[in-house]
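Visitor: Hints are included, so try docking the two chains, each in its own frame, into the full complex.
Residue numbers (my numbering), protein chains in the order written: chain R, 1 to 111; chain W, 1001 to 1114.
Any given hint might turn out to be false.
Partial selection, computed: residues in chain W whose CB lies under 7 Å from chain R [what the hints assert, rightly or not]:
| no. | residue |
| --- | --- |
| 1 | 1043 |
| 2 | 1044 |
| 3 | 1046 |
| 4 | 1049 |
| 5 | 1104 |
Here are some chain W residues the structure puts well away from chain R; computed CB gaps all over 12 Å [unchecked claim]:
| no. | residue |
| --- | --- |
| 6 | 1012 |
| 7 | 1018 |
| 8 | 1019 |
| 9 | 1056 |
Hints were generated in silico from the structure; no laboratory data involved. The structure displayed is predicted, hence computed values, not measured ones. Beta carbons: idealized from backbone N, C-alpha and C, even for Gly.
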Amino acid sequence: KAGVTQTPRYLIKTRGQQVTLSCSPISGHRSVSWYQQTPGQGLQFLFEYFSETQRNKGNFPGRFSGRQFSNSRSEMNVSTLELGDSALYLCASSLTDTEAFFGQGTRLTVV
Amino acid sequence: KQEVTQIPAALSVPEGENLVLNCSFTDSAIYNLQWFRQDPGKGLTSLLLIQSSQREQTSGRLNASLDKSSGRSTLYIAASQPGDSATYLCAVRTNTGTASKLTFGTGTRLQVTL
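Extracted from the complex, chain W is given alone in its bound form (with noise of 0.2 Å):
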């Protein structure tokens, strides 16, 4: 059974650092891997996907990593600000088969001060 870890759960930071977050998955046979940004009581927001035969992917101030052998990830936030102030969510796609779903990390709750 895939579990999926995220650290730290929580954490806060002054304006204009930058940051690492961390996430580790048990079964390192998945198809692909996603973070996603929770604003409270919203839906998710989409930020990175990296297929399982990549290693990482980039968005303006965000590079996501992928070590599937160590069944590792990792979400860098470069210059942060503010109004990234919220949740992230790492997710990992298995499939078996013709099904496959999503299993998700609890989460780090990102505080950025100014």
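Bound-form chain R, shown alone (with noise of 0.2 Å):
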């Protein structure tokens, strides 16, 4: 069956501008969440979304959204990026509470 799916696989945006990625889970799995990886603070939980619902949020600032779809199709957005935002932005998917399956990973990158 078909993994995680992220896209893009890279971006490159300017200081200022805002960036919207994308996450298509396990099919049937109704939990998406996003995680920032850097290398200085490691894997951070950014938010969770189950049917469509924040159940739970990081410590990120409001610049960081996200919504999730009725097909649990689920949408990360960052708006006035800064340079402190490049990052590897990881989702992940589950049925529950249960296994998490990650995808490939969206690389920001902020010049």
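Guide: Written as structure tokens, this is what we have:
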């Protein structure tokens, strides 16, 4: 079966711009979570969506937002990009609170 | 606040050696624990999931144990191979009502040499 698909794989943006990342979970999975990975901070939780509702949110500024659609696909948006937002953004899907499966990530570079 | 620590941060072993990676967590009220593998610049590949009620899980050359009361998990890799070279991450899932999230350790970077 198809895994978790994240698009695009790579992005280069300029400071001040905004960006939207997409995540398609494994078919049947209703939970989608987003994580930011940087060399200095490791993997940090951004937010989790379940059946179109945000169930949990990490400690990130309001510039980071997300949503989930009725088909469980999710998007995250970062507005007013800063250099420090450069990271690998990972999406994970799971049935409920069981095994999490991750996508290949989107590498965002802010210049 | 849940904190996850992995020791060692890096490890280099010759091919064929058995090895143990360690993971510790501060809050024992976990739902499950998952071990992942990450190759450079790639996403995470799930290796093993241990539910909070379980003591261990095995998959091929991998065996993971969980001691929830002491806040520890170990990942045992038997007969290591160069293809095992990667960063290994452990993550604990905590639930607060309807909300849950994974808290990750900083990983152990493993290199298996010929």
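Visitor: What are the numbers of the hints the structure violates, in ascending order?
Guide: none
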